[in-house]
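Engineer: This is what each chain is made of:
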Amino acid sequence: MSLFTPRRVGHMSPGGSAITYLLLIVWAAFVIFPIYWLVITSFKSVNDVNSGPVFLPFIDFQPSLHAWRDLLIEDWADTSRSYINSIIIALASTALSVLIGSMAAYALARVTYAPRLSTVLAFVLCMAAVLVATMAYGVDWRLAGAVAVALFVLMVRGLGNRIAGRLGNGDILFWMISQRILAPVVVVVPIYMMFQSVGLLDTHIAIILTYAVINLPIVVWLMYDFFASIPRDLEESAQLDGATMFTVFREVVLPLSKPGLAATTLLVMILAWNEYLLALFLSTADAQTMPILVAAMNAGERGILWWTMSAVIVVMILPVLALAVVLQRFISKGILVGAVKG
Amino acid sequence: MATAKRIEIREMDKHYGAFHAVKSLSLTVEPGEFLVLLGPSGCGKSTALRMIAGLEEITGGQVLLGDRDVTHVLPKYRDIAMVFQSYALYPHKTVAENIGFPLKIAGKTKAEQDAAVADAAAQVQLGELLGRYPRELSGGQRQRVALARAIIRRPAAFLMDEPLSNLDAKLRGFMRAELKRMQKDLGVTTIYVTHDQIEAMTLAHRVAIMRDGVLQQLGTPKEVYRDPANMFVAGFMGSPPMNFVAGNATGAGVKVGDRALSLEGVRVREGTHVSVGFRPEDAELAAPDDTADLVAEVFIAEMTGDETLVTLTAPDGGHIIVRAPPDIEIEDGARVGLRIDPAKRYYFETDSGKRLRADD
Amino acid sequence: MAADLSPSPTGAAQASASLPARSRGERLNEWLDRNARHIFLWPAVVLILVFSIFPLVASLVIAFSRIRLSGGGFQVRFVGWRNFDKQLFGSEQFHFLGTFGPLSLMGWVFGLAVTAGVIWWIAAYLRAGPTFIGTLGRLFPWGLVLGLGWLLSYTALSGRPFGTLLTTYFYVLVGCAIQFVIGMGLAYLCSRAIRGRNFFRVLFFLPLMITPIGIGYTFRMLADTSKGPFSPLWQAAGLGDFSWATDPWAARMFIIIADSWQWIPFVFIMLLAAFENVPRDYSEAASMDGASEWQIFREITWPQIMPVAATVMLIRVIEAFKIVDLPNIMTSGGPGIATESMSLHALFAWRSLDLGQSSAVAYLLLFVTVVTCVSFFNLVVLRRVRS
Amino acid sequence: MRHFKTPLAAGLLATSMLAAPFAQADGHYNGVTVEILTRPGPVIAGRLAERGEEFREMTGANIVVNEVPFAEIFQKLLTDWATGTNSIDVGVFASGWGVELVNGGLVENLDPYIAADDQIDIDDIAPYFREFNQKIGGSTYLITVDGDFQMLYYRRDVLEAAGLEPPRTWEDYLEVAAAVHGQDMNGDGEADYGSCIFKKRNAQSYFAIGSVAASFNQTQGTGEGFWFDQETMEPRINNAGWAEAFRLYKATGEYGPPDELNHDIGDTRALVTSGRCALAIDWGDIGPLSIDEGGEAIRDKMGAIIMPGSRRVVDPASGELTDCNDSLCPHAVDGINYAPFAAFGGWAGAINASSDDQVKQAAYDFLSYMNQAAQSNIDVTIGWTGYNPYRNSQLDDTSNWVQAGFSEDFAQNYLGAIKESLNHPNMASDIRIPGAQQYTGVVLDRELARFLADEITAEQALANIEEAWEEITEDFGRDEQAQMYRLGLGITN
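Residue numbers (the working numbering), protein chains in the order written: chain A, 1 to 342; chain B, 1001 to 1360; chain C, 2001 to 2387; chain D, 3001 to 3493.
Just chain A, with the same shape it has in the complex (with noise of 0.2 Å):
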């Protein structure tokens, strides 16, 4: 794909080229007026903010420091523990899914996997009734889940004579997938408790995991097509060399899925950095992110601090900016690949 090298210009004729640039211009001031918008307000102050719109800096306007003074000097503490918060659990919630979601959309692309329906079936029966034991009946977890178990493996045994049934990668997959098809605030509340009953409510532990599980999804739908296009004869030659599985999947698909690892990365980092509503739930003071911050700007009665809340939000888009520029060589051709077949 010759994403970089230049087109031939002067394909197009003179009007329809004037055309092209009128509509791209249009959208990109479309684009960026909310951006400038949110730059010049981080730089007003409350006069100028609520007494009706001024555009220009020191020209309708004199640029003011206070908004910036406020979140980086006064409340710096505040400020920056969001911001790292925000770093760590970006980062480690979206290695953790790129590992693990490409470790398993590799598998399902390369290896077959049989489970038997029964099982499947045996499985949810017994976590529906454990979480109906313990949470409407108050049977003590421990106990419902060592029932559980054991009526699982007889089950498993029972069932597995008359449901002969086997699922496939492809319902593997399709399972995986469909898991962000959940809002949020459907899950929101077990998780809550769940983290709660081992005690990391407020961790960046807690944060991490719930990320990197919400964003699975992405990353398995993006890299299964993407691994499922590498020539396996790459693979099995490296197999005949003497690699395995693992070395097989460091040496050589990885590498090769390079493209596609950073498009991947890149919209997963962003999802688990713009995150709000989890972060909400999960964190009191300590694992606060950056989006919660935003929120905080909002101070009910005294009306929305403005200048600083567009501060804060300019200072959140830095980061993501220098990255998309970085990876941005990647993003076309690493997004498709992925999604061409679906």
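It is possible that some hints are incorrect.
What the hints assert, rightly or not - Facing chain C, according to a computed beta carbon distance under 8 Å, are these residues of chain D, among others: (1) 3200; (2) 3259; (3) 3455.
Claimed, not checked - BS3-like, lysine-lysine: derived pairs with alpha carbons at most 30 Å apart: (4) 3250(D) - 3301(D); (5) 1023(B) - 1222(B); (6) 1354(B) - 1344(B); (7) 258(A) - 1108(B); (8) 1170(B) - 1222(B); (9) 1170(B) - 1180(B); (10) 1093(B) - 1180(B); (11) 1170(B) - 1093(B); (12) 1104(B) - 258(A); (13) 3301(D) - 2227(C); (14) 3250(D) - 2227(C); (15) 258(A) - 1093(B); (16) 1023(B) - 1354(B); (17) 1093(B) - 1110(B); (18) 1170(B) - 1184(B); (19) 1222(B) - 1344(B); (20) 1110(B) - 258(A); (21) 1354(B) - 1222(B).
Keep in mind that the hints were calculated from the coordinates and are not lab data. Glycine residues also receive a C-beta, built at the ideal position from the N, C-alpha and C atoms.
Once you have looked at the hints, place chains B, C and D on chain A.
Structural biologist: Below, chains B, C and D alone, put in the same frame as chain A:
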């Protein structure tokens, strides 16, 4: 260097669901032997090779490498090197890294790797290209890299899956010779899969011809060429391949059109459909008179340099190719006679393809 | 890969027999190697089971009960279908489905048109040779289209407000359509021979990087009719007394504009890659044959980007069903309940500690999302890819 | 925004648990950490953090202020306490929410603490806050840090120029708003608004409607309550008084900013402080805000007055609006029934019953410290703290206010309005029963929003509210709710 090992396949089977891809294949490759698995595409030869490599699960039967049963051993433990049709070069590694990869996997030191890479590269004349990436190489050079990667480990056996098919004709001939020479020098047991009978003829110590998953014939190139086991093998070997004319057995011989070809001692029940086969070099053009064994119409004549290939339309509607001297003058559509060397005729049951022999 | 990577016990035994004695590390390596197929897959499976399936089942239990948080934990009481009953037929019906009443003429016309369309669809399928599974699977989309069509007839088309279900579909269908058309248009323009493509590419990608709640606040700031940048324009246009925030459709469109601002980049970047991947030969050949640009696009380019486009839209649709941050920040679901999506509906219920209702709404959302997405996947993506 | 998280000293000093107040830096709480959860921003939280730092220097107790967005505080606190997570020791939240927590047995009863506290001067706290707001079922569970009820603010300059009196009834309100709407009130050349009342959904509009509705519905004094029937828990909402209130509330929008439907209290305040509103409903904050930075446009131009009342009230016998008479409106003045609404009830601190004893004592001492006149009389005069007056000493003495920047004139006017409201025998309580959020924050708020958006009529909205409220009541248990409602109104039998 691992000593060359014998490869033995016992009643190897492969099913893909209902499809029976390889049917009870048994053969033995002696240490140092160059065996070619030959057949049209879809005949199961590649599947058989991949089962030997361990890349495909074996449905039934056994594979022995030396004295060891490797039927269920992971590929990495089989000590086999394989060259793929696509060469399977790692695009993200340089030539040197590609060649040295098996040693890197084996945990050899960098110095050992470098020495071995230099050695292997020298054997395939790649010395000056070590720093390049595969995409910067020509087809022939890539082929050499793949070979070098295969030999660097000194494996007990080579498996090659149509390694030359991606090269142009000229290069293919050249590489074929090199390959043969290299195999001889290294003395490694080699199984080579191809659909090209010329490669098979020129490279092999023995050729195994497969069709629909079944081994048709196993023998030296000369044997399979001169003494094909059935009509399929006969028709597959040679370029141009053997000609067949179909007819019915009568008391006077095989009746083809208005002529009858003698059966030369072959006994067959009257009325049987019999095909008579002969190679293009074993017939000559003659006048379309009564002495001719067959009369046919010239379809086209092609001068190739040292000879002219004349294609005829036979009485049964099929084509017959005959080698003729280069200076022959002949017009399309002319009726010509054909005289076939009686000692070099082959008889087959048309329906089963079975060879009919004089001593049967 | 058809090859089973794990050797059978006998094979492994033989393999080890022929090798010299090995250290513990080597044995671990071999164990890892032999179990690689499980080690690759299971971490993902376990994570999803623990963090996705377990909460999902737990939520299902909650959806059928009433939960009260109080000293010492929760009080859970099973209430059967009551939570769903309330949403579909009870006091929350107006909120989820909409307000019902007599059908208007337009409602009749539209409802009957939809019914006719679905009947035609059924007939077309039955003529084409139905299978049992195929028919069963299609019952869902048929029912969904029919249900949504009549719901629209009974509510908006009869002059009554509709609930969060149709609002969500409005965001999904209209929002995604807008994003698709503009995203594709931009990608098409950018794929042409123009200067500064990399500049446009990075620039157009920008909005995707901003946190959705940030976008919500930013657009609220932009659309403020007294302090926002466009307020002078409003005043000048004599619209000083009009506010998007008081008109249901204007408010919904406004949310779609913000949503589109964020997500068009995604559609754009994927389709740009698709356009650039279309070999030039075909279109050059076609242009020599005298085809117009539109003909080239329709006959050559479009069929080739169709699979990517379908997948991109599937991803978009899945995400669009979950829209919550933007309406929450920009309008809090107002005016009335006009901009409230199902996800926001569930969030509000959750905020008032009504966990049962919250889970019930969330499950209804899950149901319509799955039916819509699976239908879209089977009927559009797969069919196109196959053909 | 401010967090003071100093690493915890490792060893826990074995200090004697004297309930005695602290006065000197004796460090008797060394090693004790009190985790507080409240809303973000300088408002409420900022002053807690600053005072917390002082408190730490005095006692050694580490005060940590955790902040979550306003809409999530109660949910988070309840989940934290009810599930036994107990990462929070003190919640500072709307006093009205306390009932549900107390009902669940999650909040520490503060009576013994107060009895042992000789510094808090409990009798100085205005009666409404002392007897209603801090108490649930006769016992004190909450310590007030901010006193909240709504008042009417008006632009003295604008009304004087127009020759108008501040409105006494809601009809007056509309007349005044209509008369001045469209004038330029801050000299920027743009037309400004007659009335600014926040109407955004899921914000605070249900407090504003309470202020409008109260005077139509509550006549017999604070103990009557205007939300439910005390005995049957039947909602007293589907009646002519509420319908009138809905219509009046909507009518004020005629003279407000065009996108008022999307304005929350913050948007409204920004308009008020930039001088664009002639009339506004608000809590006590406008006063201090007018002397803060950003309030220049309205400095010394605002007046405050008790919330407008009504000449007509709901006759319990007929359910119709009827003109006031002595028996119907015993507290009426000049035939006008006032019922100033203690919307929200003010921010108050509650202590987690499950915290360690020493932490609880430290937490109480800190809340008491916040509440004591020495501190709070300063804090309430500062706009950005978000604290509004709740002590008699804060209302009687103007000197702190003048020192803070009020003119004597405005201080008198402002404090007078507060006093008039606070001491009003017919002060209306906010809804204070379990599920309060569902009753008002969800159902009332949503139906009001639908009415404002012209989706339904006032009558439909009220019928819907009645139905949904009955459902909620049934869910929680009618008898229990009635019991809690009576407790909230101070009726203990």
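Engineer: Tell me the hint numbers this structure goes against, listed in increasing order.
Structural biologist: none
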